[in-house]
Amino acid sequence: MMGNMMINTPFFGFHSHSRLASFMLAMVLLLGILLTGVARAGIEVREFDDPQQEALYNQLMFELRCLVCQNENLAASNADLAKDLRDEVYEMVTVQKLGEKEVKAYLVARYGDFVLYNPPVKKSTWLLWFGPLIMLLTGFVILVWVTKKKRVDNDTALNKAKRDEVRKLLDAEE
Amino acid sequence: MSRYLILVPFVIFLALAGLLWMGLSIDPRHVPSPLIGKPAPAFNLPQLYKEGKVSPQDLKGKVWVLNVWASWCVSCRAEHEVVTEFVKKYKVDVLGLNYKDYATEEYGDAAKQWLARYGNPYSKIAVDTDGRVGIDWGVYGVPESFVIDQKGVIRYKFTGPLKTQDVEETLAPLIQRLRAEKVPVEGNKG
Chain A
1 MMGNMMINTP FFGFHSHSRL ASFMLAMVLL LGILLTGVAR AGIEVREFDD
51 PQQEALYNQL MFELRCLVCQ NENLAASNAD LAKDLRDEVY EMVTVQKLGE
101 KEVKAYLVAR YGDFVLYNPP VKKSTWLLWF GPLIMLLTGF VILVWVTKKK
151 RVDNDTALNK AKRDEVRKLL DAEE
Chain B
1001 MSRYLILVPF VIFLALAGLL WMGLSIDPRH VPSPLIGKPA PAFNLPQLYK
1051 EGKVSPQDLK GKVWVLNVWA SWCVSCRAEH EVVTEFVKKY KVDVLGLNYK
1101 DYATEEYGDA AKQWLARYGN PYSKIAVDTD GRVGIDWGVY GVPESFVIDQ
1151 KGVIRYKFTG PLKTQDVEET LAPLIQRLRA EKVPVEGNKG
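Residue numbers (the numbering used here), protein chains in the order written: chain A, 1 to 174; chain B, 1001 to 1190.
Do not rely on the hints blindly, as some may be mistaken.
Stretch by stretch, here's where chain A covers chain B in the computed footprint (C-beta under 8 Å, at least three residues) [to be verified]:
1) 1087-1097
2) 1130-1138
List time: in silico DSS-like cross-link candidates among lysine-lysine, alpha-carbon distance up to 30 Å [to be verified]:
3) Lys1151/B to Lys104/A
4) Lys1053/B to Lys83/A
5) Lys1089/B to Lys1050/B
6) Lys1062/B to Lys1151/B
7) Lys122/A to Lys1038/B
8) Lys1038/B to Lys101/A
9) Lys1038/B to Lys123/A
10) Lys122/A to Lys1157/B
11) Lys104/A to Lys1157/B
12) Lys1182/B to Lys1112/B
13) Lys1088/B to Lys1038/B
14) Lys83/A to Lys1062/B
15) Lys104/A to Lys1089/B
16) Lys97/A to Lys1038/B
17) Lys1151/B to Lys1050/B
18) Lys1060/B to Lys1038/B
19) Lys1091/B to Lys123/A
20) Lys83/A to Lys1151/B
21) Lys1157/B to Lys101/A
22) Lys1091/B to Lys1062/B
23) Lys1038/B to Lys83/A
Quick caveat, the hints were computed from the structure, so don't treat them as lab data. Predicted model, so just to flag it, every value in this text is computed and none were measured. C-beta atoms are modelled at their ideal positions from N, C-alpha and C, and glycine is treated no differently.
Go ahead and model the full structure; you've got the sequences and the hints to work with.
Next comes the structure, spelled out in structure tokens:
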């Protein structure tokens, strides 16, 4: 037992070392997250006279897709087009004083619904919106169906057959 | 009935596999343009070589192609030969939209140098310095090509570098079809 402890001691040392290492790693990751935050906020410095326009601009930046790097929104993308679109949206919000709907309509008319991260509910997106619900309901119906059937089988037919079989076997034993 | 129940997971699997298989053939880069069937967005841009402006209005009554390109765009170079051949073979007016070539100092006169080197197949070249016209046309990557009919309506959009096959199988037949359309008569869509 003692010998075991002795052997283990350096491992304890190693253990605390690895704890330090994982702490460092966590710190590095945290720093990374903070840095990306800084980078994001620092794409362009925008000035707004109206806090409502600022809120709308920021909201749109997160809800509009960059079409070049398709899995990024305008806020996150470094693509040239994303920058142009940010300028365009900024102008639409501050100079033309357009609302959320108008800005989105303007971009959808040019780039299609794809520019929106949140696809609108319409005929072609019907399956996208309600498909999961349909699948869930189908699954639920199947579940109910199967379990109900099982219970019936267990209570009567199957058990009776099994019981007879067991009895037969036991009888043969004797 | 319960005998068939065992098939349910299999059927679901087949349906899912079918969907996923279909998904493989869908190109996420291909974003259908909402501009198809709509009038070509207007612009009035300076020309690259000549004085004066150029506008889609100038080409009304013709079937023409708007080709979005830039000297900094690598795949435009790959496409350029195909466009040149396309113009030569089918006598199509291809209007070049020089996209954001003059937007930065470092590129300077790169567009002209580029054309001097690779040839100029365009009937006219519109210079879209800040890319605003590009946004109006829903351009999200160069090269892109639009086919506009005699009434000035966008009928087709091609994203990415054109290949000879695209010209022969898609563009040329479409252009011939659009040319055959009788213009003043409404509802005569090929």
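| message | To test your reading of the hints: which numbers does this structure violate? | response | Numbers 1, 12, 14, 15, 19 and 20, in rising order.
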